[in-house]
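Asks: Numbering that gives the first Met the number 0 numbers the first residue of the sequence shown as 0 and each following residue consecutively.
Honestly, the hints are just simulated from the structure, not real lab data.
All figures in this text were calculated on a predicted structure; none of them were measured in a lab.
Errors might be hidden in some of the hints.
Unchecked claim - Straight-line distance between alpha carbons at most 25 Å, and here's what the computed DSS-like set of lysine-lysine pairs gives:
| no. | residue 1 | residue 2 |
| --- | --- | --- |
| 1 | 473 | 497 |
| 2 | 349 | 361 |
| 3 | 367 | 416 |
| 4 | 34 | 361 |
| 5 | 54 | 114 |
| 6 | 75 | 168 |
| 7 | 162 | 347 |
| 8 | 321 | 342 |
| 9 | 22 | 54 |
| 10 | 7 | 361 |
| 11 | 416 | 151 |
| 12 | 93 | 7 |
| 13 | 497 | 136 |
| 14 | 473 | 136 |
| 15 | 497 | 145 |
| 16 | 162 | 136 |
| 17 | 497 | 34 |
| 18 | 347 | 114 |
| 19 | 303 | 144 |
| 20 | 218 | 367 |
| 21 | 305 | 358 |
| 22 | 93 | 106 |
| 23 | 54 | 110 |
Said to hold, decoys possible - Now the in silico label distances, taken between C-beta atoms and shown as ranges:
| no. | residue 1 | residue 2 | range |
| --- | --- | --- | --- |
| 24 | 381 | 102 | 45 to 53 Å |
| 25 | 77 | 387 | 28 to 36 Å |
| 26 | 380 | 102 | 26 to 34 Å |
Glycine residues also receive a C-beta, built at the ideal position from the N, C-alpha and C atoms.
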Amino acid sequence: MLISLSIKNFGLFREAHVNFDEKFNILTGESGAGKSMFISAIKALTTGNIPSNMKNNDGSISAYFTVESIKDILNKYIDIEDNELIISANFSLKKTLFRINGTIVPKSTIKTVGKYLIEIHSQDSNVIFRDSSYQNKLIFNILRKKFTNDFKKYDNLFNEYLKLNKKLKKLPSDPSEVYRKIDLLKYQIDEIKVVNPKIGEDDELTEHFNALNNVELIKNNVYENLSILKDSEINVYNLVGDIVYNINKVSKYGFNTEADLALSIQEEVNELYSMLESKLFELDVDKDELQLISEKLNNIIELKRKYGPTIEDIIEKYETMKKDLLEYQELQKIMDKIKPQIKDLKEKMKIESEFIINKSMKYLKKLKINIENNLKDLNMPHAEIDFYFEKKTEPDINSFYSCELLLKTTPQSDFLKLNKIASGGEMSRILLAMEEVIGKNHYVDTMLFDEVDSGVGPRMADTVGKKLNELSSKKQIITITHMPQVANFGTKHFKIQKNKENNSVYSKIIELKNVDREKEIKDMYGNIVY
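Start from the sequences and build out the full structure, keeping to the hints where you can.
Replies: What follows is the structure in structure tokens.
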């Protein structure tokens, strides 16, 4: 609720202060007195937009609100310790600074918070009631109060749905990624498992492969050595034998040790010959074995490229991937379990939503008739409204369906969304017609009407005044009017007037009481041409 408004050096206002009533506030004044500037001042604090042509140096606008009914909503955007909120704008010709409860805030915060504080109904105003998402909340709030027990079953289903979705959100955002990862890990693990590399095996295989691949060279080398050792006419074995024979002949003269060593050398030559001869038989090449060794070496090289650079790295990654696979398989089990549960819950919520909507049709039809009757009273005799429900892809806190208001103003026209209605006056009258429906479900505590009585006659103006007065029992109403029939209903009456001083013109706001108010209303009657 708007408690007070202060304006300084804004447009034609030098300094003005207004203390509002909690119910029905009337503002009157001649054309050009500053009524549009008054609206601009309030818009500045609720939208963050200050017209540059209204800025003066050392200017300021501030408003004091009580926000008890919307404190929980506002706390999403700003911190409110008590139930009070002061919005201010200090500006010069080039600079503007916004504050909420003394803290500097950006323009975006002013705009976000402002839409919950005051609703301005004028030709160019952007009313929150035009927002289809707001209409949806409003209509379902009304239905919840009427069909509380029916919504309990839906609420239980939705809460369970939220819990399962919360678990699901802890998993990868794209469930198909889990399945893809499982397939990839299985492939990589199998790829390593088939090759089954051992530490040092690559060096052994390389050595063996090189040996088999160079067998002819090796054979020739062995044959040559065998020839030197024993096979040629002059060979090492025979030469060492001659040495043994000659030393034995003189061994009794102190050459026993030398004779033993010579014999030992001859025996080692013979043993070396046998070893080389044995190796020669091993050097028969098995082409299949060579092919197998070559393939395994190539497989190990490929594994090193993918998971290496060493076999130790491959084995380490193999163990890590096995652990990862187990984790992803657990995720898969959770997803495979949760997904059908979520699907089942969604089906149940669809059924429950359709049940509630079908059950509410009779009640909504009564509301529709009441609203349309009110619109007839407000000079919209052919206006019709419709509550349009549309199925959504995902449920929300209220339903699997969204709902918004549609309107047509003539029998031959089509139903249109409220945000397609251009006239601020029509929008104001629709809101008045819905006053019985809206009640406390309408978040905004304060409504400012500028064009609600535009283009209506005295009798209709009296009806508009009554409707506004009825609405003021639920909401704080501020109405700028030129119709005395509307002004009669106000609980507080302010006049915006233009004054001259030292060849300059300025506007001021004064509260009219008793005789002054009677005179103003009498003058307003006198200005009406019937």
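Asks: Are there hints from earlier that the structure breaks, and if so, what are their numbers?
Replies: Violated: hints 1, 4, 8, 9, 10, 11, 13, 15, 18, 19, 20, 21 and 26.
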